[in-house]
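Asker: Take a look at the letters that make up each chain.
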Amino acid sequence: MKESSYSDTSNYLGRVRHRKHPSEVSPDADKANRSNLLVNDRNKYKSMLIRAYSSVWMIGGFSFIIYMGHLYIWALIVVVQIFMARELFSLLRRSNEERQLPGFRLLNWHFFFTAMLFTYGRFLTRQLVNTVTSDKLLCQLVSGLIKYQMFICYFLYIAGFVWFILTLKKKMYRYQFSQFAWTHMILLMVFIQSAFTVANIFEGIFWFLLPASLIIINDIAAYFFGFFFGRTPLIKLSPKKTWEGFIGASVTTLLSAFVLANIMGHFQWLTCPRKDLSTGWLHCDPGPLFKPEYFSLPALMHQWFPWKEVAILPVQCHALAFGLFASIIAPFGGFFASGFKRAFKLKDFGDSIPGHGGITDRMDCQMVMAVFAYIYHQSFVMPPSFSVETFLDQIIRNLTIEEQQLLYEQLGNFFQARQWLQA
Amino acid sequence: MQRENTMNILQRNHSGRVRHRRHSTEATPDINGPGGANLLVNDQNKYKSMFVRARSSLWMLLGFSLVVYMGHLYICGLIVGIQIFMARELFNLRKQANEDRQLPGFRLLNWYFFFTAMLFAYGRFVSQQLVNTVASDKPLYQVVNGLIKYQMFICYFLYIAGFMWFILTLKKRRYKYQFGQYAWTHMILLLVFAQSSFTVANIFEGIFWFLLPASLIVVNDVAAYFFGFFFGRTPLIKLSPKKTWEGFIGASFATILSAFMLANILGSFQWLTCPRKDLSTGWLHCDPGPLFKPKSYPLPGWLTTDNACSSFHFFQFSWKEFSVMPVQWHALALGLFASIIAPFGGFFASGLKRSFKIKDFGDTIPGHGGFTDRMDCQMMMAVFAYIYHQSFVVSQGFPVEMILDQILNHLTDEEQHDLHFLLGRILHERQLEQQ
Numbered sequence: 001m002k003e004s005s006y007s008d009t010s011n012y013l014g015r016v017r018h019r020k021h022p023s024e025v026s027p028d029a030d031k032a033n034r035s036n037l038l039v040n041d042r043n044k045y046k047s048m049l050i051r052a053y054s055s056v057w058m059i060g061g062f063s064f065i066i067y068m069g070h071l072y073i074w075a076l077i078v079v080v081q082i083f084m085a086r087e088l089f090s091l092l093r094r095s096n097e098e099r100q101l102p103g104f105r106l107l108n109w110h111f112f113f114t115a116m117l118f119t120y121g122r123f124l125t126r127q128l129v130n131t132v133t134s135d136k137l138l139c140q141l142v143s144g145l146i147k148y149q150m151f152i153c154y155f156l157y158i159a160g161f162v163w164f165i166l167t168l169k170k171k172m173y174r175y176q177f178s179q180f181a182w183t184h185m186i187l188l189m190v191f192i193q194s195a196f197t198v199a200n201i202f203e204g205i206f207w208f209l210l211p212a213s214l215i216i217i218n219d220i221a222a223y224f225f226g227f228f229f230g231r232t233p234l235i236k237l238s239p240k241k242t243w244e245g246f247i248g249a250s251v252t253t254l255l256s257a258f259v260l261a262n263i264m265g266h267f268q269w270l271t272c273p274r275k276d277l278s279t280g281w282l283h284c285d286p287g288p289l290f291k292p293e294y295f296s297l298p299a300l301m302h303q304w305f306p307w308k309e310v311a312i313l314p315v316q317c318h319a320l321a322f323g324l325f326a327s328i329i330a331p332f333g334g335f336f337a338s339g340f341k342r343a344f345k346l347k348d349f350g351d352s353i354p355g356h357g358g359i360t361d362r363m364d365c366q367m368v369m370a371v372f373a374y375i376y377h378q379s380f381v382m383p384p385s386f387s388v389e390t391f392l393d394q395i396i397r398n399l400t401i402e403e404q405q406l407l408y409e410q411l412g413n414f415f416q417a418r419q420w421l422q423a
Numbered sequence: 001m002q003r004e005n006t007m008n009i010l011q012r013n014h015s016g017r018v019r020h021r022r023h024s025t026e027a028t029p030d031i032n033g034p035g036g037a038n039l040l041v042n043d044q045n046k047y048k049s050m051f052v053r054a055r056s057s058l059w060m061l062l063g064f065s066l067v068v069y070m071g072h073l074y075i076c077g078l079i080v081g082i083q084i085f086m087a088r089e090l091f092n093l094r095k096q097a098n099e100d101r102q103l104p105g106f107r108l109l110n111w112y113f114f115f116t117a118m119l120f121a122y123g124r125f126v127s128q129q130l131v132n133t134v135a136s137d138k139p140l141y142q143v144v145n146g147l148i149k150y151q152m153f154i155c156y157f158l159y160i161a162g163f164m165w166f167i168l169t170l171k172k173r174r175y176k177y178q179f180g181q182y183a184w185t186h187m188i189l190l191l192v193f194a195q196s197s198f199t200v201a202n203i204f205e206g207i208f209w210f211l212l213p214a215s216l217i218v219v220n221d222v223a224a225y226f227f228g229f230f231f232g233r234t235p236l237i238k239l240s241p242k243k244t245w246e247g248f249i250g251a252s253f254a255t256i257l258s259a260f261m262l263a264n265i266l267g268s269f270q271w272l273t274c275p276r277k278d279l280s281t282g283w284l285h286c287d288p289g290p291l292f293k294p295k296s297y298p299l300p301g302w303l304t305t306d307n308a309c310s311s312f313h314f315f316q317f318s319w320k321e322f323s324v325m326p327v328q329w330h331a332l333a334l335g336l337f338a339s340i341i342a343p344f345g346g347f348f349a350s351g352l353k354r355s356f357k358i359k360d361f362g363d364t365i366p367g368h369g370g371f372t373d374r375m376d377c378q379m380m381m382a383v384f385a386y387i388y389h390q391s392f393v394v395s396q397g398f399p400v401e402m403i404l405d406q407i408l409n410h411l412t413d414e415e416q417h418d419l420h421f422l423l424g425r426i427l428h429e430r431q432l433e434q435q
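Protein sequences appear in the order of chains A and B.
Heads up: the first sequence begins at 1 in the UniProt record's numbering, then just goes up one per residue.
Heads up: the second sequence begins at 1 in the UniProt record's numbering, then just goes up one per residue.
You may find that some hints are simply not true.
[Unchecked claim] With a Cα cut of at most 25 angstroms, we get these calculated BS3-like pairs of lysine-lysine:
no.: 1; chain 1: A; residue 1: K171; chain 2: B; residue 2: K238
no.: 2; chain 1: A; residue 1: K171; chain 2: B; residue 2: K138
no.: 3; chain 1: B; residue 1: K176; chain 2: A; residue 2: K347
no.: 4; chain 1: B; residue 1: K357; chain 2: A; residue 2: K170
no.: 5; chain 1: B; residue 1: K277; chain 2: B; residue 2: K138
no.: 6; chain 1: B; residue 1: K242; chain 2: A; residue 2: K345
no.: 7; chain 1: B; residue 1: K138; chain 2: A; residue 2: K170
no.: 8; chain 1: A; residue 1: K236; chain 2: B; residue 2: K176
no.: 9; chain 1: B; residue 1: K172; chain 2: A; residue 2: K347
no.: 10; chain 1: B; residue 1: K359; chain 2: A; residue 2: K169
no.: 11; chain 1: A; residue 1: K345; chain 2: A; residue 2: K236
no.: 12; chain 1: A; residue 1: K169; chain 2: B; residue 2: K242
no.: 13; chain 1: A; residue 1: K171; chain 2: B; residue 2: K95
no.: 14; chain 1: A; residue 1: K171; chain 2: B; residue 2: K176
no.: 15; chain 1: B; residue 1: K357; chain 2: B; residue 2: K176
no.: 16; chain 1: A; residue 1: K240; chain 2: B; residue 2: K171
no.: 17; chain 1: B; residue 1: K277; chain 2: A; residue 2: K171
no.: 18; chain 1: B; residue 1: K357; chain 2: A; residue 2: K347
Because the hints were derived from the structure by calculation, they are not lab data.
Everything numeric in this text was worked out from a predicted model, so none of it was measured.
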């Protein structure tokens, strides 16, 4: 394998992965440029082939899981999380210190488990409750757990905290505290984005698939635009990125956001929210966002397009916002990861995926996008959680008949009082 | 005063902070001469430092009581002030002066994230109160409502802007330092804001839910100090050599007892038990709820007869029953946590100080150290108090009142009428079915 000749750039941890790019000239090729151009070209295309090969596998697997459904996507995200956490936990660990602290790694996974219980308990309560409503006993158990979920998770965390303090060893304080802080940062990063992703999924796979696809498109477009046209470097942090790649990818991403939203918006499998944890087919009224609105084209365009009018789903305008974020701000997630790797003198976070590095390398921009997608959805797309229907639901479900009567009377009294005040 | 200074000079560490908390179990390493003369010196300094501590404690207590008397808004102001000081102390901890000179504007980034976190935390927890305060003024109400609706989005974008700013200011060869500072900033803000926002949320539920936990920590600290002062012998944990098992156990008993008593005393004041619905500062009158209504329990017969010891008459056991507010049982749980688990916050802070080789987080308070030194156990207690309140206390309140509140606050007038109409119809249909 020719790639082993590039091991001159390996760091002390022994990880060797050197991504070649036309704008990057390897130092040993400076001397005999002409004979090396051919070598460069062959290696450039070879590494592109390897990247393309693993990309195709990833995209294929991903599409399969989307076809399988919400529950399986959730499982995929959990698995990705576990791998990311493992990569990141092992990053700053120093083996000689670890030997003197048995059980310290277990602490990391304890916090991981607590975080998982907390985030999925918070975001999936409704779905969980709806799944177990048939079985009386299980329903009571689950409702009880959910009611005290915050308390249970808090106590698990406190237990881990106390455990941490009791295992503090003299002369290892600094290492242990930095590991503790590092664990918190990792868990925060990994769980916020995955919790938001899962919440989005259950609102409709569309709200997960569109942002994720936009990031992938942005990455691929940036790679190819840079491959063919790359000339002016973008930022010192990532010398492989170029302005041509950035701008070309932005335009591509915006365009595909508009088009993809239209394509995806037609599938009920993608647009319907999932109310419970089942895996069957979904049928629902997708809502006003996914109903096409017709705009008649101006006379000029009749020459190019055979159609007299164009059907646009309102959701496509939201998709433009997604595309804008994915092309301009999400790359900063990649820059952050690059800077981080530079700070700690690593080439990659791991080596699970050939040609790409570790899972964290692939997910760095996805994380920023997932958080944005959730917050955007909550602020601009989701219907308000306080409506007549939701309250009526709550009242009928949670209050006894006497309490309902009481509520009715008190509400009536309040209306009367308000009428007197206004009169 | 002079003798204390000469003692302290011998204990100066590299960052120049000199504060040596004396304790009976700790013998200063430099005094190894004849025992008799040094015991007196020890005693004099021990009492002297206790006097300094007691004086600043008294001032803190007085100031705190004044703020509690003034009201909810002023307590929030106090908490915000403490937050700012704590954040400043902690930000300064890992700053390295030479590095900072080459990175202008980097400290500004810390405070920018601080501001964003404050907007987020208080926006989330105080939004209801804010809306209620401006409900009278129509245009302001619209502005505030709009801000709250998009609050999450606004805060997110402010954070992203800070994130991008951070990345654009990364300098070659300074990456490790900058990333370390970035992570440190996040940890500090998380620590400081989680506890302060929970505290503020608790305050608006009723000052009682803030004052009781805070007092229990203070009682625990003071009791542990005095029990250790007089009886301290066996060290508790290697992290804090000053703590002793006698202090710990004595303080636990004192805390649990005072939890029970204090809850009764504090629960009788409406100023402390009524929730505050808006940001006003006037007097409060409300129905405190079933938790604060005393229930009478008849005493067992053998306590009220004359067979009991004569000393029992001091406790006025001439009554046939004694009244306990249900909230006192909750207070027992709070007391248990304050005595057993909250001290781990102190151990954590001690370990942190040890790993950074500093004596104290700051030197704002004479005899005690910095704000973070005082607040380390309070932080853990505040989080517990909030979570306990949300899990066990809130759900026992008036559900009808809660839902009524929500309906009146979140629905427009028209929607409220719609709801009323629909509910009436459902109840009517149900009545018809039963007949």
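Asker: Run every hint past the structure and note whether it holds.
Answerer: Hints and how they fare:
Proximity of K171 of chain A to K238 of chain B is assessed by CA-CA distance (about 12 angstroms); at most 25 angstroms being required, the pair is judged to hold. At most 25 angstroms may separate the alpha-carbon atoms for a hinted pair to count; K171 of chain A and K138 of chain B exceed this at roughly 62 angstroms. As the CA atoms of K176 of chain B and K347 of chain A are separated by approximately 15 angstroms, the hinted pair is consistent with the 25 angstroms bound. Of the pairs offered as hints, the one joining K357 of chain B and K170 of chain A holds, with about 12 angstroms between alpha carbons and a cut-off of 25 angstroms not exceeded.
Our distance criterion of 25 angstroms between C-alpha atoms is met by K277 of chain B and K138 of chain B, whose separation comes to about 19 angstroms. A C-alpha spacing of about 42 angstroms is found between K242 of chain B and K345 of chain A, which places the hinted pair above 25 angstroms, so the restraint is violated. With a C-alpha separation of about 62 angstroms, the suggested pairing of K138 of chain B with K170 of chain A is violated against the 25 angstroms cut-off. For the suggested pair K236 of chain A and K176 of chain B, the alpha carbons sit about 16 angstroms apart, so the restraint of at most 25 angstroms is met.
With a CA separation close to 16 angstroms, the supplied pair K172 of chain B and K347 of chain A stays within the 25 angstroms bound. The straight-line distance between the Cα atoms of K359 of chain B and K169 of chain A is roughly 19 angstroms, inside the 25 angstroms bound, and the hint therefore holds. With a C-alpha separation of about 15 angstroms, the suggested pair K345 of chain A and K236 of chain A falls inside the 25 angstroms cut-off, and the hint holds. Under the criterion of a C-alpha separation no larger than 25 angstroms, the hint pairing K169 of chain A with K242 of chain B is consistent with the structure, at around 18 angstroms.
As the CA atoms of K171 of chain A and K95 of chain B are separated by approximately 22 angstroms, the hinted pair is consistent with the 25 angstroms bound. Straight-line distance between C-alpha atoms of K171 of chain A and K176 of chain B comes to about 23 angstroms, which keeps the hinted pair within the 25 angstroms bound. Distance check on the hinted pair: K357 of chain B and K176 of chain B sit about 21 angstroms apart at the alpha-carbon level, within 25 angstroms; holds. With a CA separation close to 17 angstroms, the supplied pair K240 of chain A and K171 of chain B stays within the 25 angstroms bound.
This hinted pair does not check out: K277 of chain B and K171 of chain A have alpha carbons roughly 51 angstroms apart, beyond 25 angstroms. As the CA atoms of K357 of chain B and K347 of chain A are separated by approximately 33 angstroms, the hinted pair breaks the 25 angstroms bound.
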